[in-house]
Amino acid sequence: MATNMLRAAATATGGPDDRRRRGRRGVRANENIAGWLFVAPVIVILGLFLLLPILMALWVSLTDWNGQGSPFTSQVPFVGTDNYTRLFTEDGLDRRDFMTAIRNNIYYVALVVPTQTVLALGLALVVNNRLLKGKSFFRTAFYFPSVTSSVAISVVFLFLFANSGAVNSLLRMFGISGPQWFADSRGVLHLLLGVVGVDSPPTALTQGGPLGLTWWEWLSGPSVAMMSIITLVIWTTSGTFMLMFLAALQNVPVALEEASTLDGASRWQRFRNVTLPMIKPTMFLVVTLGLIGSWQVFDQVYVMSQGDPAKTTLTPAYLSYRTAFRDFDYGSGAAISFVLFLIIIVLTLVQRWVMADRDPDRPRWGRRRRRTPEGSAK
Amino acid sequence: MTALAERPATPTRRRGNRGARTLASRFLGYAVLVFFSLVFLYPFVIQIGNSLKTEPDAAANPLSPIPDQLVFDGFIRIFTGTNFPLWLGNSLLVTLVATTGRVFFCSLAGYALARLRFRGRSGLFAAVIAVMAVPGVVLLIPKFLVLNQLGIYNSYSALIVPLLADAAGVFIMKQFFESIPVSVEEAARIDGASIFRTFWSVVLPMAKPALITLTILSFQGTWNEFPHSLVSVQDPSLFTLPRGLADLVSGSLGKGTQYPLKLGAALLATIPVAIIFVVFQRYFVRDANDGSDKG
Amino acid sequence: MTPRVLTRAAVAGLTAAALFGSTACGSGFDDPAAETTQSTGPASLQIMIGSSGDAETKAVQDAAAAWATSSGNQATVVPAQDLTQQLGQGLAGGNPPDVFYVDASRFADYASVGALEPYGDKISNVGDFYESLRNTFTYDGKLYCAPKDFSTLALQINTELWSKAGLTDADVPTTWEQLTATAKKIKAKGMVPLVLGDTRDRIGAFFVQNGGWLLSADGKSATGDTPANVAALTHVKQMVTDGLVRFPKQLDAGWSGEAFGKGAAVMTIEGNWIKGALQNDFPKVKYQVVELPAGPAGKGTLSFTQCWGIAAKSKYKEQAIKFVEAMTSGEQQIAFAKAFGVMPSRESVRDQYTAEFPADKPFIDGAAYAQGPVNAPKMDSVLQDLEAGLQGLANGDPKSILANFDKNAKAALGGS
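Chains as they are written, first to last, in our numbering: chain A, 22 to 399; chain B, 16 to 310; chain C, 2 to 417.
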């Protein structure tokens, strides 16, 4: 899973610094050649399959290429920013679909990120408890779902959430008749409103709304079908983030905790005032990695629901794929990709900015330093 | 913070009250751990159990891990009725080649960025960092366009070549090489060994832990890779396991539920990674620890 | 990141991009105008089908294998997971399958971008195909491809469950009112009365029975939001909310035929392909086929058809035409009919077909009053959106679903 690579890279901060290099003799001429030779394969591959694609897609997003022949001939109509404006300003199907996908993904993020963060931290705290045995077993158990294939896991969850599947039979044991998960397009917020008696939407909310959806549609909440995908994702990612928290917690000096215990601090106070500040950098990392990752949900949607029912599991990533490869509207599909790209880049920059701002000691990209927390037990 | 830490930790405790609390919290802790172990592992148990059931049995008792009657129909159909063996072969080929290539190329580049002084090095490193931030899913359409233009769409090259390098891998290797003392290789270099020779026979053997970590991550990543195969091939004889599995679920067999078969196929696709995970789990866990240990 | 590093990154990125931009150009951009070189001799044909199930896949595979052996060529049949998407990638990739199914609803899209080889005049005895089918696959006055077969919708009744519910032949519904009444009786016995696909291709039949349809007769304007259609859709919604109609997903089935085969519902509305599927997957099910109940405006059903498209980029067009010729021969069509229950597209074998399958009379009779598919270009995403509306029918407003369709359809039809 890509998250694992990302996580490994994001948390790896390197060993001792390279001050000894300053003492070395001058640059050897052949190091220049060797250096470029050594990095050449990686540059070629990343250039060909990362940078070049982005430029090509940028071009295609400005055209009306229909998937026939090459997009780089004069016959392909150049349409400027039409594909982008259609997503935002023109009232039509394209904007409706795009905004529906954005809405779905916002609710998805709003549920996945906090839940997985809290769950991961909670599990890490319990696993980290010095009084408990069998830590490594539990750690393994919680982490295992993260390493398996997203497609294979989606298959398992399709079975679990089938109408006569495991989740519904579990609910039945408690006397609850479960919903028909993947056929249920009702929004969870709408359902909750229904419980308090708001069955039909107030007309004020159905009359209008921003960006092609009515207020009532914006306020639907994730659909029941989306809830099962949300459950799946939380289930698979919590383990990874738990490991990250666990590593951070192991760096919280024992002496610090004991001292605060002596001060008569309650467990909650100790957590709030001692533990939490110590793991703050990891917390930010987890939240932002979660934010970035959850805007990319694709595999699960492709396997489990293909955007159905009633487009309530449509996400921008899946929509861009579908628009290009199903509807042959490659320009529009590429434009959606770029908007999504922008969203993720902004989140990444915000992450870096926040990390840099909050914690000046924290290693930042592109610059190197080393640091171990003061009073660290190591 | 520092002040707190320096305070002497005198171990005076009020026993009774604390003892009871400790016991209660220990009990609670185990309850939480066991509960979540079930949550995280029971789906796999269900998967195994139901893959050995008959279809009506699976539909009637989805929660039970024990088949009413042990049947291997699902697995027999996987090997006779689907292209599973083909997908398995493709996945093995792609994973082995891509992993080998990725580990080799990433170590080369990582070494160069860590040790060799050449013009444009810092710019390159910054580019690697920037590239790491590019989210994979927005590359779906672009990758297809490039593969198409290069004329390798729908081929093994399309499946493998783009997976041969990975910015995160370069980053990991660079960081690791920087942690190795430079003296050893300098000795080798003074003895007149070429740069590649020094790298290959002196530095690389010392980088074993990092190489293993990267190998495992690459193996897991390429084995599970799905969106890339979606846009790089469409010929069913080139499908990898995840692609074939997705096809099985929503495609040719999608019209019928056939859960035992699907669960069985998903299970078989999970096993290699599961084995690697169990055998090398300290490396899995380590890479996560590594980072925060120092951060 | 410091500004200095950023600048360097940008420079490095641009250098790399420029470097590889140029290599890519060297690899040659294909010229869309170039005629694909034709290969003679033994061909290796790739045939991609959007199969209705194992029955169809197997039948086509067998037929292709037989043709390959007798003609000395190779033919590989590929059942696509998602025909539209896989074909789209193939076409954009410049290496589409040689022969593939083209659905009537996508035909105009393919023909308008020049993806199809118009081979209609090269096939023997073209006049034998039903005229309405030939018209469906004609674009700019050229017949592009040979109709594969066609099918219509009818009502299937599980006879075992029928009698279990205490119903007799007299209860077989012929009108909407009777359908509702019978369904209520079945529901009272604790069974699901009717499983209905939540798509326009099933629910649309109710529009026709009420005198409406999504597009005007000339296919140029959208007529979704009409009183006839709204009333029909409201009627369906009523049946859904009353629990008389269930969608397949609600019954844990991929499509209605599966739910029907498992005995999860007493009735279903499907086309003649259900025969082959049931025979293959659920051979024990006993059922009977009747015409769809008539609505206020009389009888109505939907018809579907596909053709054998040949890619304009195929290297083996000549052999591909021969292959299609073999697949659309009267004899072969009867064989397909037997295997997966489609109706021959050639008039000359009609009598042979009715003699062979007297039970299919309701399907054939449906041809007289059937509404063909929407086949205007650029309509697919509009229809997809309608499907989404229909999936949410239980909580949706029929009028706004149809009004939405009109709005989108107008944009698509006007823009093309």
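I should point out that these hints are in silico values taken from the structure, not numbers from a laboratory.
Just so you know, these numbers come straight off a predicted model, no measurement behind them.
There could be a bad hint or two in this list.
[Unchecked claim] Think about it this way: if two alpha-carbon atoms lie no more than 16 Å apart in a straight line, the pair counts; the simulated EDC-like pairs of lysine to aspartate or glutamate are: (1) 362/C with 292/C; (2) 408/C with 112/A; (3) 263/C with 72/B; (4) 339/C with 63/C; (5) 185/C with 202/C; (6) 411/C with 112/A; (7) 379/C with 85/A.
[Said to hold, decoys possible] From the structure, some residues in chain A lie toward chain B, with a derived Cβ separation under 8 Å: (8) 74; (9) 171; (10) 222; (11) 225.
Positions of the beta carbon are idealized from the N, C-alpha and C atoms, including for glycine.
Index of numbered hints that the structure contradicts, given in increasing order:
5, 10, 11
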